[in-house]
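Working from the sequences, and respecting the hints, build out all of it.
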Amino acid sequence: MNLNLIFKEQTLKFNKEEQETYLFLQQHNNDWANIFKEMILQGRDKVTQRLVTSMHRENLVKARTQSKKILSRDLIMLDISTTQILEIPFPQAKQTLYAPITGEHAFDRIDVEGPFYIKDDITNTITRVHHPNEILECILIEAPDLKNAASDQFQQDLINSATNMTFAISYQALSMQHDSAPLFNIIENSQDSYLRSEQAIIEGHPLHPGAKLRKGLNALQTFLYSSEFNQPIKLKIVLIHSKLSRTMSLSKDYDTTVHQLFPDLIKQLENEFTPNFNFNDYHIMIVHPWQLDDVLHSDYQAEVDKELIIEAKHTLDYYAGLSFRTLVPKYPAMSPHIKLSTNVHITGEIRTLSEQTTHNGPLMTRILNDILKKDVIFKSYASTIIDEVAGIHFYNEQDEADYQTERSEQLGTLFRKNIYQMIPQEVTPMIPSSLVATYPFNNESPIVTLIKRYQSAASLSDFESSAKSWVETYSKALLGLVIPLVTKYGIALEAHLQNAIATFRKDGLLDTMYIRDFEGLRIDKAQLNEMGYSTSHFHEKSRILTDSKTSVFTKPFILPFKTI
1 MNLNLIFKEQ TLKFNKEEQE TYLFLQQHNN DWANIFKEMI LQGRDKVTQR LVTSMHRENL
61 VKARTQSKKI LSRDLIMLDI STTQILEIPF PQAKQTLYAP ITGEHAFDRI DVEGPFYIKD
121 DITNTITRVH HPNEILECIL IEAPDLKNAA SDQFQQDLIN SATNMTFAIS YQALSMQHDS
181 APLFNIIENS QDSYLRSEQA IIEGHPLHPG AKLRKGLNAL QTFLYSSEFN QPIKLKIVLI
241 HSKLSRTMSL SKDYDTTVHQ LFPDLIKQLE NEFTPNFNFN DYHIMIVHPW QLDDVLHSDY
301 QAEVDKELII EAKHTLDYYA GLSFRTLVPK YPAMSPHIKL STNVHITGEI RTLSEQTTHN
361 GPLMTRILND ILKKDVIFKS YASTIIDEVA GIHFYNEQDE ADYQTERSEQ LGTLFRKNIY
421 QMIPQEVTPM IPSSLVATYP FNNESPIVTL IKRYQSAASL SDFESSAKSW VETYSKALLG
481 LVIPLVTKYG IALEAHLQNA IATFRKDGLL DTMYIRDFEG LRIDKAQLNE MGYSTSHFHE
541 KSRILTDSKT SVFTKPFILP FKTI
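So for the sequence shown, our numbering puts the first residue at 1; every next one is plus one.
Don't read these hints as lab results, they were simulated from the structure. These numbers come from a predicted model, not from an experiment. Even for Gly, the Cβ is constructed at its ideal location relative to N, Cα and C. Check before you lean on any hint, since a few could be wrong.
[Claimed, not checked] Distance windows between CB atoms, simulated: (1) Asp399 to Asp317: 29 to 37 Å; (2) Asn59 to Asn396: 40 to 48 Å; (3) His105 to Glu307: 54 to 62 Å; (4) Lys476 to Thr550: 23 to 31 Å; (5) Lys313 to Asn59: 49 to 57 Å; (6) Gly520 to Thr274: 20 to 28 Å; (7) Asp293 to Ser81: 40 to 48 Å; (8) Glu530 to Asn396: 35 to 43 Å; (9) His105 to Gln177: 45 to 53 Å; (10) Thr550 to Pro263: 42 to 50 Å; (11) Gln398 to Thr550: 37 to 45 Å; (12) Ser465 to Gly520: 16 to 24 Å; (13) Arg57 to Lys306: 46 to 54 Å; (14) Met334 to Asp293: 55 to 63 Å.
Below is the structure:
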């Protein structure tokens with residue numbers, strides 16, 4: 001097949017959000033501004049890529065069943081370096097999309113990358129796709145019933161995500177321009193390997209079109225508070241009256257636990273407040289600076305005026321992780337990892353902290369630790385959990401039901417054990433999401449570097465057999481924890497790449513897999529109760545407890561099985 005097509009050039013224009021980000025960069029770093037401008041199409045393409053693979057995977061508007069693969073030589077006039085192209089027709093729109101294929105995988109997954117092209121089936125003209133919203137327009141013509149307030153919001157989400165994608169990758173190009181080593185070497189040699197691995201995941205979620213969504217933040221706030229920009233964040237300390245809060249802790253009471261986590265903090269606060277201030281009436285809560293400025297000062301001003309909520313002057317230096325609302329200190333500091341509420345729209349959700357998360361985290365930790373200690377089936381697997389040691393959220397029993405939930409979820413803090421308190425010094429801790437990350441000046445991902453090291457250490461003859469053995473070791477550790485928990489106890493961990501920390505030995509092999517974050521897990525209530533573990537003390541609004549075995553089964557299948 002040789003298509004007789006006419007290529008039509010288009011003028012590239014900034015949208016409003018891109019223009020605002022560009023102007024911000026011009027005011028702060030002109031070199032960065034120029035790189036941002038040069039990479040605008042690359043950033044947009046990375047979001048288009050996620051939109052195309054999503055619609056193909058979900059067969060949205062029959063994007064999978066009506067698609068076909070063609071050879072790139074059939075479109076020789078286009079700038080396509082791959083051998084095959086995915087062709088997706090939009091019959092109602094009378095347009096056809098062309099997406100270069102870079103890989104094919106299990107579960108009928110296809111990898112594509114830009115540049116993308118779209119053909120007008122009437123005039124036979126073909127143009128480069130400049131923005132993912134061009135694809136969205138075709139989708140809505142094919143399925144007009146999808147055009148509503150949600151699709152209007154999604155259109156704005158794509159604009160925001162694409163802008164922040166360019167923002168992020170342009171910073172990477174600027175900040176790493178003098179680097180050339182494999183990314184794993186850079187991570188391994190960093191002062192804090194774990195934190196550096198979180199900061200290395202520049203593009204965010206590999207599948208979600210809203211991978212870089214930061215609605216609610218301007219360019220400066222995105223720079224200050226997103227992990228990829230490596231900026232220290234001064235977390236705010238708030239004293240909240242005990243009658244306006246609910247707490248939970250793993251072993252000792254909440255206040256004692258927080259004092260142990262931050263041994264110098266109480267003395268610093270005592271020096272700040274007057275001698276007659278009664279600390280026993282208050283609990284310590286940590287608040288994100290964005291949340292304090294944009295939410296606490298507006299939605300809780302009455303409590304602030306009555307000194308039921310008091311902002312301390314003292315702050316804690318932390319850094320954002322990939323999830324934005326989970327923050328960590330930089331090694332050698334051993335303070336806990338902290339998960340916070342933020343009313344920022346990230347990857348499709350407003351990232352507040354549910355009441356059940358701060359309440360159930362320590363309870364779930366207690367149950368899991370008891371199971372792992374007593375059940376010998378887990379002894380042979382190199383995997384465990386990271387303790388959630390204490391949680392607190394705002395709670396005013398006088399608030400109306402929905403309003404009470406909203407205000408409780410907007411002010412919450414969950415403390416998690418620091419990974420460096422759990423690992424030997426000779427291993428390298430990483431968030432597994434970073435295993436497939438790269439950067440512009442060296443395209444060797446950490447997983448490839450680790451397999452090469454293992455191949456050399458084990459004196460194996462070829463990379464393929466080394467990779468197979470490496471993945472088997474990794475999978476055994478992960479599934480050795482996940483599978484028995486769900487089949488025997490009805491506990492389905494949300495053990496995807498972001499909800500884990502993996503440590504690697506000098507020979508490249510996995511040492512231990514640590515699973516964290518129990519907010520999204522599912523529990524077959526009856527099954528866990530039958531195994532001798534009560535759930536009566538769980539939060540009354542718990543969404544993790546279910547009677548649906550399908551819901552419990554789906555959680556570990558979709559997440560760990562598709563991301564190991």
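Going through the hints against the structure:
1. Asp399 to Asp317: 29 to 37 Å: 33 Å, holds
2. Asn59 to Asn396: 40 to 48 Å: 46 Å, holds
3. His105 to Glu307: 54 to 62 Å: 57 Å, holds
4. Lys476 to Thr550: 23 to 31 Å: 26 Å, holds
5. Lys313 to Asn59: 49 to 57 Å: 55 Å, holds
6. Gly520 to Thr274: 20 to 28 Å: Since Gly520 and Thr274 have Cβ atoms about 43 Å apart, the given range 20 to 28 Å is violated.
7. Asp293 to Ser81: 40 to 48 Å: Given about 46 Å between the Cβ atoms, the range holds.
8. Glu530 to Asn396: 35 to 43 Å: Taking Cβ atoms as reference, Glu530 and Asn396 lie about 37 Å apart, which means the hint holds.
9. His105 to Gln177: 45 to 53 Å: 32 Å, violated
10. Thr550 to Pro263: 42 to 50 Å: Hint holds: Cβ distance 46 Å, inside 42 to 50 Å.
11. Gln398 to Thr550: 37 to 45 Å: 39 Å, holds
12. Ser465 to Gly520: 16 to 24 Å: With Cβ atoms ~36 Å apart, the hint is violated.
13. Arg57 to Lys306: 46 to 54 Å: 52 Å, holds
14. Met334 to Asp293: 55 to 63 Å: 29 Å, violated
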